[in-house]
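With the hints as your guide, set chain E onto chain L.
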Amino acid sequence: MPQLHVNGEAREAPQGIRNLLSYLRFDLGLTGTKYGCGEGLCGACTVLVDGQPLRSCMTTVGAVAGGRVTTIEGLADNGDLHPVQRAFVEESAMQCGYCIPGFIMGTVGLLNREAHPSREQIREALADHMCRCGTYQRIQRAVEHVAGSGVATQGGS
Amino acid sequence: MTAETQGTLAQAAQAGLAIVGEVSVGFPANRSGYGQSTYGNTQPQTEEATWLRVHPDGTATAFAGKVEYGQGIRTGLAIEVADELRLPLEALDVVLGDTDRVPWDMGTFGSQSTARVGLQLRRAAATARETLLRLAADRLDLTLDELVCADGRVTSKSDPTRGLSYADLLQGQSLVEPIAEEPALTSIEDFTVMGRDEQRIDAVARVTGRAVYSQDVQVDGMLFAHVLRPPSFGAQLEAFDASVAEQMPGVVQVAREGNLLAVLAESDEAGELAARVVQAEWSEQPGQPSRWDMPALLLDSGAEDFTMQEAGDLDAGFAAADEVLESTYYIPYITNAPMEPRAAVARWDGGRLEVWAGTQRPFGIRSELAQLFELDEAEVRVIAPEIGGGFGGKSIYAPAAEAARLARIAGRPVRVAYSRIEEHTWATFRPAALIRVKSGFKRDGTLTAWEFRAYHAGERVNIGRRGSETPYDVPNVQVSVARSDSPLRSGSYRSLGGAPNHFAREVHMDEIAERTGLDPLEVRLRNLTHPRFRRVLETTAERFGWGNPLPEGHGQGIAIGLDVGSYCATAVEVRARGSEVRVERVEVAADCGLIVNPEGARNQMEGSVVMGLGTALYEAIDFEQGRLLNAGFARYRVPRIVDAPRINTTFTGDPDTPSTGAGEPAIVPIAPAISGAVFDATGERHQELPILRHR
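First to last, the sequence lines map onto chains L and E. Be aware that the first sequence starts at 29, since it is given in this note's numbering, and climbs by one per residue. Be aware that the second sequence starts at 84, since it is given in this note's numbering, and climbs by one per residue.
Pulled out of the complex, with its shape left as it was, chain E reads as follows:
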């Protein structure tokens, strides 16, 4: 069976019941968005695939092109299918991220999994349930109305002793059904699994060490590659001498292809040792900007200015203001720093290529590999095992191609695993941004004009657009985002440009509060009519106890945000002492519509808060002329357990509103809320991140 047929319809014709449906839900909802423009290299080769299989033993397997990298999507999808199919969660298995086995998908980013693929799986599961009902109606000679599905059985409503299990119904059957046009989706009142706090179905594998990540993949005959990385970005390999390295024990060969130079060895340690004695000559690219060049570079190189929001007349708005305030905000490059550094294992079998790679985009990587080696996509299989974090960054996954190139040279499977230093240096960075805000407002704090000009580094014009629009009511507004030169390789990150844009806007609102003598909560409420926004803001303030007296040296801050369709507000209490700032507690309210798994969604809110706390207080990439100065955890501080605040989350969404993303929204308001709290505690206004560098 070839890859092409396994992942599609031929796979369907197995014992049991298969539900097939179109794969186009694997596109992001917003086809002009970042994902489409950045990662749109992959297209489905078939229109339909198997989404769900109910096995002859009555258990079921769901298939999705998404990957699990900490967001709990395997559990989330299993819950949705369990509910629709009336099966206990334990009877559900979910296969993710294997291009030979799952429906095509563009990639796991932008909080699309629950909203789109989850819905498709619910439709598939509802179709399966209706099919099982029909089978039972035939066998029991009852009408559909007289039957009900529950706990893996179809039974008579009037006589619960009369019934058949799914296993009974599927014995000896081999059925393929398309997803119904309008399957009867379960209404929210009838959910039994969804909406409950569920433990993750993959939790035990994680606490026992059985979960396999790409760093853990080992195949027979595998060689360990140690790639010699250039001394600076853009350096070209001129020459090398590996004569000593090649004689070292365990070394199989030193391979070069273009700029790729690697020691291939029988063991990890032999390769590492030998790589140290390879002499390589590189020609470096002179004149690369350094970190202190960034603010001017962002301004001067700004291009492709794009208007995100425009209304009224700015000049008239400023003329009508009692006061005009101009501020500039700067957010440095940061690194995603997932706990698992990227790794890939590649194996060639004749003209067929198999690659294990912990990427958020297995199908996109498959397209890249097929193109690189001039193969049909059906000849390439990419398997994304468990992924040890990514936060957006693992959409770009260079070791997959490195391992495949080296495996072709060596004629044996090859593993390329990044070290921590490589992960920080050769992955991608959240782009630096410089943002200028000019506002006009009345003495009572109401806005009359809002001019927001953002300059985000990055090759892609829309990298910085997300979250730049203001949610506040202002009659005269102009918001524009430009793309500026990026000396570092820019890539995705939780909420992408959304967090820097929110930082500038929300800190500016605090500054307006300061100028008008208003409370930061009050100035926001005076300019905010959107009901969902007001609800999260008011809920957060109330639960936090906004305005209650705080101990000496403590301060409070509050901010709002919108990301991936979800509304969020965050209030924080900090303690500032000497040069240290400690975030004591954080109150979050979020409206993500219908919550599939509250426990999973809360976990994501907490993670976003902790990650955003790092960007607010500690994190910045230092670089000088193409060299990173603070790669690795010794020089790049990220939050630890001693830095973690108490976090409380409240969900304010209406369950009748469709699910929107939960993985990202809570990162957008946390940094400005911390900045506001530090101001409240110390009187210092922080318009530049990270705060601890500027105290």
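Isolated chain L (complex conformation):
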């Protein structure tokens, strides 16, 4: 049986061709990863696979077999918020909050690649995430804050 790791736990891959987002949400109950569009356009379903962001709505479970999947639920370390989560709280970078797990996962993925991204790199990396409440300025500030803070921001790998 092919295996995958979800938030550090080994799982046997389910039978058949399965959508990763549905598997996470309905088989594992990890509903922090959201359905937003089903077309890979809004970023609400973003998870990390081996530390890099992936649109789970457009991915099969089989495609990530052998990989390490991190969802928003797996980001905090023993209850301590990840620095990116903390920055979003501190900047009040949210309204309804539905898109926020996706933004946070996208940000952690960015910081895994580039520890000190420029303003433009942040905008580019998060350009395919949508926040209809329009909290972009706060999100930008939260990411700049954590990127400039010098704290270790690695996660989900």
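Derived by calculation from the structure, the hints in this document are not laboratory data. Be a bit skeptical, because a hint or two may be false.
Quick look at which bits of chain L chain E covers, simulated, 3 or more residues with Cβ under 8 Å [as the list claims (entries may be wrong)]: (1) 52-61; (2) 66-77; (3) 93-107; (4) 126-136.
As the structure is a computational prediction, the values presented were derived from the model and not from experiment. We treat Cβ as the ideally placed atom computed from N, Cα and C, and that holds for glycine.
Chain E in isolation, oriented as in the chain L frame:
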């Protein structure tokens, strides 16, 4: 315990201190307004309910019929209660939107939450504080004057070591108190929590994925429904063949009731796959208008013309003018497009129905379900969990009834969750509008006559009335709003008709500036005496640096607005290059009276600006004969982080003025300000939205 008693007085008799009071604050302030006429299907079945409970451990829970859909109301209400009750914010919990547990409420719309329900909770909390003071006076043998409440304790003013915590006072007690006639509300100088920048009390749940939205609700035995939607609006189901689908793995049944046809499956994916092979025959409604028919349709079908503002003599006003200017403005249908598509889970237990639905109107949906199934309202419980955006639209919430109907057929709980395409197609739309403005003015820019005729699509006559009156001083004025036919299902949206009406009026003011050779700021100031309006306008202009030189290809625009009792002015700088327009920065000044949570209010201003930027530049629903042509984010552009400007907000309100809405006012002036800035940059006048379609 039945639903009826849980949400009302019987619930009160638990350990601790319960404060009960009337539920009528759940009506909107303006009972003839949009909310009342549109959603007035729900009435309170009891007069009183529990608003606040101070527990024997000294913490407290507030109850309100409002819902949290991004506006931060849970935090706002908690702050108000914390201040009145002298408790730290962490000791406060707020229960919202569960019809079995909270006071009746008509719905969360029109920026009423802070103004009305917040005040009721403050009154409840002040009553609780006075009750705790009395308890302490008895126990400590001191007079009320000698005692003070702070940080969850009642202590002697002269000897702070003498005191009792709320927990001490409530040990073994089970008290119920009505809200006092005139509770001593805390004066503003004594606020310790209110007015500070507070992080949201529900922020951690949102960044950890623990916050549960209706899309996330799962109950035991739940089936996943995939509804087969008609190919066009108004199509009727004639026949269907589900023989192949029914044999597919995971499919439990294909259910039909009237026009509702759905695959019910054990998993989301099985249902989705099977729904693709159901053969359905629909009879479509021919002759439905298309998007290019709209301007003529709005004009020709305009009915129920309603006069919003009338003074003086228009003819005399035009005769006295140096110049008369006539313009027509067109604003297309747009979609709310909240990030969370609607979803509902329904569960029957005998004759009792429970529905989780992320609606702005849990009590209204409860009334609809009770009516549909001929139940007593007490037999229906609607729970609104966290709501992933709505912006007015989620007052109408069809999946609640769909899930309940299918669950009754299946004999198991059923989940109906809209896809993104369904959300765009089968929700509601902000109505299209066509507005004609004729003005007369002197060479110095002062208005002599103002004729404003608006035609808003929609079934409801007052959908387009909001914000149609002009705030400018003009002796001869007539403003009227008509209701026109709507080929698409119209519904609410942030500020509703207010934004289209403001767009027409404010762009027209820019045109008067152009004709008279005046600056757009100057022409506004010359016609504006209202002090609160002048303050926001002057503040915005000053903070923006209005009139300072801008780089090549950049332009500036400015506009004012009034919505939900709040005054707002917005100045923008755009950069126009090729076919693209980028909004570089936005300066907002708003007067919302007393600000409970400045951080929350600023967040709402920024959100309104970004949302209004989308309506100004990109958004329009394309439709042809009952079919949507641009459903989904691939074809319908909304603002992204790369489109977001820098936004700075200043609040100019007087803290002695009552709180007015913060969630909507900043959306009304942004589109005309952008239009003005594009004109300044390019010389192109945009009277039609969205601007990028017409460049």
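Results of checking the hints against the structure:
1. 52-61: holds (count 7)
2. 66-77: That given contact holds, which follows from 5 residues of the stretch 66-77 of chain L lying within Cβ reach (below 8 Å) of chain E.
3. 93-107: holds (count 5)
4. 126-136: It holds: at least three residues are needed, and the stretch 126-136 of chain L offers 5 whose Cβ sits within less than 8 Å of chain E.
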